[in-house]
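**Student:** The primary structure of each chain is shown beneath.
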Amino acid sequence: MSEPVANIDLLFRNGLKDFEVIPPPDVWDGISSSNKIKKRPLIFFRVAAVAAVLMTVGFLTFRLSRETGTVPDSVLAFNVEKSYPVISNEITRNKTISTKQITNISASAPSDRTEYMHPINIEKQAVSAESIVPLTAGRNLTLTKSESMVQSSLNPLQSSGSKTLNIIYSDLQYMPADKLMDRWSIAAMASPTYYSQFSSGNDAFSKELMESEQPLVSYSGGVAFSYKISKRFSIQSGLYYSSLGQKLEGINSFGGFKQFDNTKGDNNFEVPTTTGTIQASNPDVFLNSNASNRVVTPFTSNVFDPNKASLQYINSSLTQSFSYLELPVIVRYKIVDKTIGINLIGGLSYNLLVHNSVYTTIDGGKYPVGDTKGLNPLALSSSLGMGMEYNFSEKLSLNLEPTFRYYLNPFSVTTGSFIHPYSFGIFSGVSYKF
Amino acid sequence: MSEIKKIIKGCLAGNRRDQELLYRRHASKLYAVCLQYSGNDEEARDILQEGFIKIFANLDHYKNEGSFEGWMRKITVNTALEKFRSRHNLYRVDDIDSIKEPDAEPDNHDYAGLEANDLLDIIRELPTKYRMVFNLYAIEGYSHKEISKMVNISEGTSKSNLSRARVILQRRVGSYTGIKKKAVNE
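First to last, the protein sequences are chains Y and V. Just so you know, we're using this note's numbering here: the first sequence kicks off at 1 and counts up by one. Just so you know, we're using this note's numbering here: the second sequence kicks off at 435 and counts up by one.
Any given hint could be a false lead.
[What the hints assert, rightly or not] Straight-line alpha carbon distances no greater than 30 Å define the calculated DSS-like cross-link-like pairs of lysine-lysine that follow:
{"#": "1", "chain 1": "V", "residue 1": "Lys508", "chain 2": "V", "residue 2": "Lys439"}
{"#": "2", "chain 1": "V", "residue 1": "Lys593", "chain 2": "V", "residue 2": "Lys443"}
{"#": "3", "chain 1": "V", "residue 1": "Lys517", "chain 2": "Y", "residue 2": "Lys373"}
{"#": "4", "chain 1": "V", "residue 1": "Lys593", "chain 2": "Y", "residue 2": "Lys373"}
{"#": "5", "chain 1": "V", "residue 1": "Lys579", "chain 2": "Y", "residue 2": "Lys17"}
{"#": "6", "chain 1": "V", "residue 1": "Lys593", "chain 2": "Y", "residue 2": "Lys17"}
{"#": "7", "chain 1": "V", "residue 1": "Lys583", "chain 2": "V", "residue 2": "Lys517"}
{"#": "8", "chain 1": "Y", "residue 1": "Lys207", "chain 2": "V", "residue 2": "Lys488"}
{"#": "9", "chain 1": "V", "residue 1": "Lys463", "chain 2": "Y", "residue 2": "Lys308"}
{"#": "10", "chain 1": "V", "residue 1": "Lys497", "chain 2": "V", "residue 2": "Lys583"}
{"#": "11", "chain 1": "Y", "residue 1": "Lys207", "chain 2": "V", "residue 2": "Lys497"}
{"#": "12", "chain 1": "Y", "residue 1": "Lys366", "chain 2": "Y", "residue 2": "Lys207"}
Keep in mind that the hints were calculated from the coordinates and are not lab data.
Using the sequences provided together with the hints, build the complete structure.
**Tutor:** Structure below.
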């Protein structure tokens, strides 16, 4: 081997030793999403979420089937004042009602006609056992024209000279009970939101990150529709817009770096956070920190000094801002149904990430830095709250709902360590029933 | 326990933050290796991604013997080799005579002014087989016998490829230094 040839080997070996090139930012996304990498199981949270959904669906199905299905043992009670039959489940709970006191609607029983209505009870306009007419087993609640015998069966009352019960055929058409109350309501709600995170585990790095992060008071608001499925239960959905954020202390930012940047990579600075990794896409921004490992960059302090290069110092903190569109499925249970009503609120929400930015501030204005990579585009959250409702008319009410929200999956898919965000907000607004 | 051992332990426990930290610390160095072994950025990116997936999947096989960085580099080089072998039939070794002669005069003894970036560009311009043999022999330190098994060629071919690679590299380096000197003088 001749001398120059050996030199060429050494030239490349030594020249490329310790050489570094920042890889494209999406490489880590590909690695982290690979199922070959061991990941900490999130089975508990998944099982909890599935169980919550199943319980909600099961409960609603149960309630709805009880109220709208064919109910063989339901009875029709004549509400004389309103002159139409209504379902009265409460009557069925009265154990003193005997079959003798109750008369079936049946054209084949003309001899029993006088038992259909007790004149005294009609006078009192009270719904009593005597005035109750049960449906025959398996019969649908809706009366049809073939049941016109009801009218004829009541004629004896008129001919007997007693108080006249003026029931015409059209009155006997089944009127659903929901005609009696406003089942739907629409509400506009807004709330300031305090956002923070739970961390379980002993990950020192995660704790270090959390200590440098300050949650910001954000806001949430939107429109909600609710449907009353019974006197106490209602189900609610709608569309909310939530803005969250946090401030990272100890990250110094400088402007005017573009002229010194001669690297091929398009992102020179990365800052790991509990919600993902900040990537500085603004080529004019230089970032550094006093703490080790906070800013990942090839422009370390021994490579580049922002003060010597006379870069403009901007700020010592960065702000991460995220916005979500939220689609909730909430169940409300009314504990107190008075002028001031109290509700228990619980449910799940799907949160769709719609905005993600990182900025610092200079002279009160925003100076863009980049964004946070690895954020989950869809987050599932559970919420629990207590709603107070002041009804200042039959249709309008004022609502105040302190609500705690816990995110079942972390915002970020690239960071781990069982960090789960939560938020607390006091929603207030007006609702209209119809 | 040293910091790297803590990170490795966290990775083995499935801690995503430690996995990301490991990646952030070593990705730049390993990406330079990937670029050195590949002709295009897309391939280098794939090698880095596959290499890291293997690193994470095989971390439990790392016995804390020797340099961890060296262990990761070995996996990365093996990944590049696998990629090379899988595409072996697609690569064409250009005939040495068809490679264009550099315009500037070669300067074998003065390599001053050449930066790592320049060296990387020069090595990536080599035909694939030459680049592979040169990297394995001159940079990684494998013997021709080992290379012949790794690349699936004969020892003679390995020697011949190395020799041709060196000639091309010398010319390119000469060209680069010549051009740079010219630029400085002007």
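**Student:** For the pair supplied as a hint, Lys579 (chain V) and Lys17 (chain Y), confirm whether the alpha-carbon distance does not exceed 30 Å.
**Tutor:** holds, 24 Å
**Student:** With the threshold set at 30 Å, check whether the alpha-carbon distance from Lys508 (chain V) to Lys439 (chain V) stays at or below it.
**Tutor:** The given pair, whose Cα atoms are some 19 Å apart, holds under the 30 Å limit.
**Student:** With the threshold set at 30 Å, check whether the alpha-carbon distance from Lys366 (chain Y) to Lys207 (chain Y) stays at or below it.
**Tutor:** holds, 28 Å
**Student:** Take the C-alpha atoms of Lys593 (chain V) and Lys17 (chain Y), compute the straight-line distance between them, and say whether it is at most 30 Å.
**Tutor:** The hint holds at about 24 Å.
**Student:** Quick one, are Lys463 (chain V) and Lys308 (chain Y) close enough, alpha carbons at most 30 Å?
**Tutor:** Holds. Lys463 (chain V) to Lys308 (chain Y) sits at ~27 Å (cutoff 30 Å).
**Student:** Has the given pair, Lys593 (chain V) with Lys443 (chain V), been kept, meaning a C-alpha gap of at most 30 Å?
**Tutor:** Roughly 42 Å separates the two Cα atoms, so the pair is violated.
**Student:** Has the given pair, Lys497 (chain V) with Lys583 (chain V), been kept, meaning a C-alpha gap of at most 30 Å?
**Tutor:** holds, 26 Å
**Student:** Against the 30 Å threshold, does the CA-CA distance of Lys517 (chain V) and Lys373 (chain Y) hold or violate the hint?
**Tutor:** Measuring from Cα to Cα gives roughly 29 Å; hence the hint holds.
**Student:** Under the criterion that the straight-line Cα-Cα distance not exceed 30 Å, is the pair Lys583 (chain V), Lys517 (chain V) satisfied?
**Tutor:** This hinted pair holds, its Cα atoms lying about 15 Å apart.
**Student:** Quickly compare the C-alpha distance for Lys593 (chain V) and Lys373 (chain Y) to 30 Å and report which way the hint goes.
**Tutor:** With a Cα-Cα distance of about 46 Å, the restraint between Lys593 (chain V) and Lys373 (chain Y) is violated, given a limit of 30 Å.
**Student:** Between Lys207 (chain Y) and Lys488 (chain V), is the straight-line Cα distance small enough, at 30 Å or below?
**Tutor:** Within the cut-off at roughly 29 Å; holds.
**Student:** Measure nothing beyond the straight line between the CA atoms of Lys207 (chain Y) and Lys497 (chain V); if it is 30 Å or shorter, mark the hint as holding.
**Tutor:** holds, 29 Å
Hint check: violations occur at hints 2 and 4; the rest are consistent with the structure.
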